[in-house]
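Novice: As you go down the protein sequences, you meet chains S and L in turn. Residue numbering for the first sequence follows full-length UniProt numbering, beginning at 1 and increasing consecutively. Residue numbering for the second sequence follows full-length UniProt numbering, beginning at 1 and increasing consecutively.
Bear in mind the hints are in silico, worked out from the structure with no lab data behind them. Accuracy of the hints is not assured; some may be wrong.
[Said to hold, decoys possible] Beta-carbon label-pair distances, calculated as ranges: (1) L/32 <-> S/72: 47 to 53 Å; (2) L/30 <-> S/122: 44 to 50 Å; (3) L/187 <-> S/225: 53 to 59 Å; (4) S/83 <-> L/82: 55 to 61 Å; (5) L/129 <-> S/225: 32 to 38 Å; (6) L/187 <-> S/188: 16 to 22 Å; (7) L/32 <-> S/252: 47 to 53 Å; (8) L/16 <-> S/228: 29 to 35 Å; (9) S/118 <-> L/32: 37 to 43 Å; (10) S/169 <-> L/165: 36 to 42 Å.
[Claimed, not checked] Lysine-lysine pairs mimicking DSSO-like chemistry, simulated, CA-CA at most 27 Å apart: (11) S/206 <-> L/206; (12) L/206 <-> S/111; (13) S/206 <-> L/111.
[Claimed, not checked] Some chain S residues flagged as far from chain L (calculated, every beta-carbon gap over 10 Å): (14) 145; (15) 166; (16) 169.
A virtual CB, placed ideally from N, CA and C, is assigned to each residue, including glycine.
Spelled out, the chains give:
Number of protein chains: 2
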Amino acid sequence: MNPAGPLSLNTITVKPWSLPQVIEACARHGIPGISPWRDVLQAMGVDNAARRIRDAGLHVTGLCRGGMFPAADAAGRAAAIEDNRRAIAEAHAIGADCLVMVCGGLPEGSKDLPGARDMVREGLHAILPEARAAGVTIALEPLHPMTCADRSVLSTLGQALDLCDELGEGTGVAVDVYHVWWDPDLERQMARAKGRIAGFHVCDWKVPTTDLVFDRGLPGEGVIDIPAIRAMAEAAGWGGGVEVEILSNRWWAEDPETVVREVTSRHAYC
Amino acid sequence: MNPAGPLSLNTITVKPWSLPQVIEACARHGIPGISPWRDVLQAMGVDNAARRIRDAGLHVTGLCRGGMFPAADAAGRAAAIEDNRRAIAEAHAIGADCLVMVCGGLPEGSKDLPGARDMVREGLHAILPEARAAGVTIALEPLHPMTCADRSVLSTLGQALDLCDELGEGTGVAVDVYHVWWDPDLERQMARAKGRIAGFHVCDWKVPTTDLVFDRGLPGEGVIDIPAIRAMAEAAGWGGGVEVEILSNRWWAEDPETVVREVTSRHAYC
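Could you put the whole structure together from the sequences, leaning on the hints where they help?
Specialist: This is how it looks when you write it as structure tokens:
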């Protein structure tokens with residue numbers, strides 16, 4: 001067993017592939033875990049995917065993603081909540097460990113950051129009963145502060161844990177090293193996350209980074225001390241291994257088979 | 001008087017210009033403050049610049065920049081400290097309100113973030129006696145977390161204030177709305193900064209942002225609620241107005257005269 005624990009392949013890492021192709025690749029490369037994005041899951045058909053993932057014996061470490069609650073008007077916010085309800089059903093259908101939440105940025109044209117944060121809180125409160133009923137853990141993922149305007153007003157692990165405190169049972173955090181590695185308060189907050197880590201994602205911060213979203217590195221390509229953060233997670237009770245989630249124009253341009261080989265060979269850097 | 005208080009022009013906002021040109025532009029446009037970067041200051045000659053700035057009646061809101069302490073070896077760290085000593089002398093010579101500190105990122109090839117933070121602390125301790133003797137306030141500027149790897153391991157206002165607590169007299173913080181606007185702990189930390197704000201810088205966060213360093217917007221071009229953050233600064237005792245510091249490939253490509261007109265007309269957005 002790799003010291004980093006079992007590997008899980010997030011489907012966006014091999015974006016050119018359909019979900020059936022990712023499932024086959026996991027079997028072919030001995031990768032025991034998978035984490036699909038909803039677009040490829042829906043393209044395959046949720047029931048079909050659930051059966052094939054189960055037949056392949058794959059562990060579903062998460063479903064990406066719910067969230068995106070803030071919207072400029074009430075209809076938009078209601079639509080987001082409805083969509084999150086569907087995401088909960090999908091996560092339940094495929095037996096995902098959690099539904100990963102990318103909470104959303106500022107509504108179009110807004111500068112009201114406290115208001116957007118309130119919309120996130122309200123959205124989470126609205127969907128929590130369904131999530132609990134379905135046994136789907138809501139995993140709040142703090143996203144790097146550089147995504148605050150357009151992707152996530154939830155920016156730090158401390159903020160995510162405050163929300164978990166407020167929401168209670170059925171919630172946890174998804175820790176992605178890319179989003180939290182810079183945080184001067186990380187060690188303290190990771191300890192505070194004890195028993196509440198619902199997902200652990202890895203990739204790397206490249207120097208230089210040339211795009212705010214699509215220039216992540218494979219583990220070992222950048223400057224994040226991934227094993228140090230994994231050790232914090234394990235000290236907080238995490239034993240679920242590492243999910244490799246790489247959003248990268250550079251790697252998406254490669255043959256996905258090459259990318260999967262790189263991912264498995266770089267498991268040791270996690 | 002503009003409600004945002006007096007305006008100061010940071011020389012990098014009009015990067016194509018020499019310091020004499022910026023000094024003339026301030027007079028021409030009725031801008032009472034200036035904040036030079038060291039490269040243009042040295043190109044003009046420090047004594048000559050000091051005299052011309054004084055003769056023009058300009059208030060020097062800061063000198064950019066000291067810092068950049070982490071280095072891969074002891075010689076590199078010693079050289080950084082020496083360079084900071086020269087920066088202190090320059091800040092004193094031009095009567096700057098403060099020396100703005102961009103503390104530095106990870107040393108080349110390093111993933112040791114706690115180690116880099118220690119190098120920053122050691123560097124600051126080393127230069128503080130000279131700064132105090134010269135009456136130059138050391139203004140710690142937390143930089144956006146997206147610059148952690150290569151520019152500043154000092155990422156949050158809270159972390160900067162912790163350092164001020166440790167360093168004591170002669171230190172303060174430079175608050176740039178671009179670097180802190182996303183922080184869920186901002187309001188609390190701004191209150192904690194009471195009496196310790198040594199500089200207040202404005203620009204804006206554009207959506208989308210296409211470069212991690214050189215794609216800042218002029219006030220009003222983006223999503224930062226600048227007046228809300230200025231109000232927090234004023235509640236914490238700040239009365240020094242706003243320094244406009246725009247690092248932007250887009251605006252650097254324009255005639256600087258146009259940029260200065262834009263800056264003055266956008267004073268109202270601050």
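Novice: Quick check: does the Cβ-Cβ distance between residue 83 of chain S and residue 82 of chain L fall within 55 to 61 Å?
Specialist: The hint (55 to 61 Å, Cβ to Cβ) holds, given that residue 83 of chain S and residue 82 of chain L are roughly 58 Å apart.
Novice: Please test the hint of 53 to 59 Å on the beta carbon pair from residue 187 of chain L and residue 225 of chain S.
Specialist: Violated: the Cβ-Cβ distance is about 31 Å, outside 53 to 59 Å.
Novice: Take a look at whether the Cβ-Cβ distance between residue 16 of chain L and residue 228 of chain S falls inside 29 to 35 Å.
Specialist: Violated, since residue 16 of chain L and residue 228 of chain S (Cβ atoms, about 43 Å apart) do not stay within the stated range.
Novice: Hint check: residue 206 of chain L vs residue 111 of chain S, CA-CA at most 27 Å. Holds or violated?
Specialist: Roughly 11 Å separates the two Cα atoms, so the pair holds.
Novice: Between the beta carbons of residue 169 of chain S and residue 165 of chain L, is the distance compatible with 36 to 42 Å?
Specialist: holds (38 Å)
Novice: Need the status of pair residue 206 of chain S, residue 206 of chain L: alpha-carbon distance at most 27 Å?
Specialist: The hint holds at about 22 Å.
Novice: Residue 169 of chain S clear of chain L by more than 10 Å, beta carbon to beta carbon?
Specialist: At roughly 23 Å from the nearest Cβ of chain L, residue 169 of chain S sits farther out than 10 Å, so the non-interface label holds.
Novice: For the range 16 to 22 Å, tell me whether the beta carbons of residue 187 of chain L and residue 188 of chain S fit it or not.
Specialist: holds (20 Å)
Novice: Quick check: does the Cβ-Cβ distance between residue 32 of chain L and residue 252 of chain S fall within 47 to 53 Å?
Specialist: holds (51 Å)
Novice: Using the C-beta atoms of residue 118 of chain S and residue 32 of chain L, is the stated range 37 to 43 Å upheld?
Specialist: holds (39 Å)
Novice: For residue 166 of chain S, is the shortest beta carbon distance to chain L beyond 10 Å?
Specialist: Non-interface label on residue 166 of chain S holds, nearest chain L Cβ at 13 Å vs cutoff 10 Å.
Novice: Does the structure keep residue 206 of chain S and residue 111 of chain L at a Cα separation of 27 Å or less?
Specialist: holds (11 Å)
In summary, the numbered hints that this structure violates are 1, 3, 8 and 14.
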